[in-house]
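Chains as they are written, first to last, in the working numbering: chain Y, -15 to 164; chain U, 7 to 396.
Just so you know, the hints here were simulated from the structure itself, not pulled from any lab data.
A couple of the hints might just be wrong.
[As the list claims (entries may be wrong)] Computed cross-link-like contacts, PhoX-like style, restricted to lysine-lysine with a CA-CA straight-line distance of at most 20 Å:
id, chain 1, residue 1, chain 2, residue 2
1, Y, K121, U, K103
2, U, K103, Y, K86
3, U, K36, Y, K88
4, Y, K88, U, K32
5, Y, K88, U, K34
[To be verified] A few chain U residues that don't get close to chain Y, going by computed Cβ distances all over 12 Å:
id, residue
6, T92
7, R111
8, K128
9, N328
C-beta atoms are modelled at their ideal positions from N, C-alpha and C, and glycine is treated no differently.
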Amino acid sequence: MSSPSQEIINGLDINKLKELLKEAEKNKDFVARITKWTALVRWLGEGFNFKSYIRNHSFLISEPADLGGPDTSPNAVEYVLAALGACYATGFVLNASKRGVKIKNLEIALEGELDNILVFLGLSNEGHPGYKKIKAKLYVDAEADEKTIKEIWEETVRTSPVGHTLTRTVEIVPEIKITE
Amino acid sequence: MKTEKLFPVTVVGSWPRPKWLLDALKLKRKGAISQEEFDSIADEAVLLAIKYQEDAGVEILSDGEQRRDNFYSFVADKIKGIELKTVAEIVDLVPDKTRFEAILRRLDVPSYSIRNPVVVSKLEIGKKGIARDEASFLKSHTNRKTKVPLPGPYLLTRASWVLGISDKYYKSREELGFEIARLIREEILALRNIGVDFVQLDEPVLTEVVYGDQVQQTFMCAALFSRENPRDELEFAVELINEAVKGISGIKLGVHVCRGNWTKKEEVLLKGDYVPLMPFLAETKVNQLVLEFATPRAGDVEVLKDYLGEKEIGFGVVNPRNDIVESPSEIVNRVERILRFVDAKKVYLNPDCGFGTFAEAPVATSKIAFDKLRAMRIASDELRKRYGES
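Next comes chain Y alone, as it looks inside the complex (with noise of 0.2 Å):
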């Protein structure tokens, strides 16, 4: 139930939206909270078992029967693409939201393609084994004229720090320490 005072479109809170925008300009402390984040990524033991923590969430990471793993949950690189959906969908309704405008339905597909995989198998040196392009269609079922939704759409995609952090060089800081 709604007070008369809230404002719920997307089943998000406007005025909550609001505050938190509010507090992201002006509070230097949130904003390098909301700056950082991390996972860990434990073997399980045995084979192409892995499990991750995320706060108080964890799931698992394998790989499919094809490349002699278990299949008991998406791979690594099948993450990346449900991470770039996830982040664009977030996007999505937190832009379309600002604007009032209300999602009845959405979706997005995504295709991405390795440049090389043999390079990961230790077959290869040519290319690199990363993705070389990622297609992300949205469908989307909304309450405003098309000009609108390719706006929102426009937007999330140039905001998107997934999308951000696969299109831009990151700098990635591999370390190691041996254990007993």
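Got chain Y; can you put chain U on it based on the hints?
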């Protein structure tokens, strides 16, 4: 039934819907207009579909399936216990999600836009019947013979059985299948009593059983159920069809099979001849097999030679997905190819499939559909000159 003239011209069922009918269909879906309001608008569209068919010279005509959103999911409005659910609502229950996602990608649609009829309680035909209301209106507005297409029992079983929902009411897919066959049988008898001349059971997913591998799969109505052993599936389909038509006389009964009719891009539709299907189709206790042959994807007509037996052939002589209208002489040549091994009395002329199988994605305009039917009429007249009237 009166003796037919040779080479009767008929249709498979659907006719492209006018824009105003599509607008009304959207309003009905949103709940903005009542079923009664929609029906009165659809009545006008059916009259147009009848007029086009009569003017083209069709002898056994349909109502153009104008009231249906497509050839099978309309049953949700007609059979209590079947509800339309979006695929998004049931995707967690789909056993083979990999295949399913590939189908969505291939069709370029989101899961929330596809509505599938799902068995959600015990089934019972509503007071309008599955197609009795359609048939009564059609019969009262044409003096010609009439054909009513019904979704076949295998198609409906395969589309509507969702483990996790349907199994609360029917112990198994088999039990549901026989219940659906019983309801279809009840409907065929009612349609016969109204005076319908021809009931066609649409079983397009039979080709998917044989040809639809993970990449090629294109039938959304078959997507919710994992592929099983094709032989077992085809035997099950034949059993259900024969249960639905068991002991029925006084009406012509047919089975229609095709390889998909949702796009004009022939290259993305299923491909393969009837060789693996014919031994099973031959076992069905129907009078006529309504088969596509105008598209090269359906293979050669020679396959009919060994399996047609006493059955008639509803011979697909024009391709509804191609804007080029076949010439009457081309149609005559196609028919004459099968007359080498099929008795002329057993040959009916029809398009490969409907012209508007899916309301919002018709494969032809009314003009092209009309011109194709007209070409069939001229071809039939020529064939009658060559082989006699009856």
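Point to revise | Structure versus earlier hints - violations, ascending order | key: 2, 6 and 7
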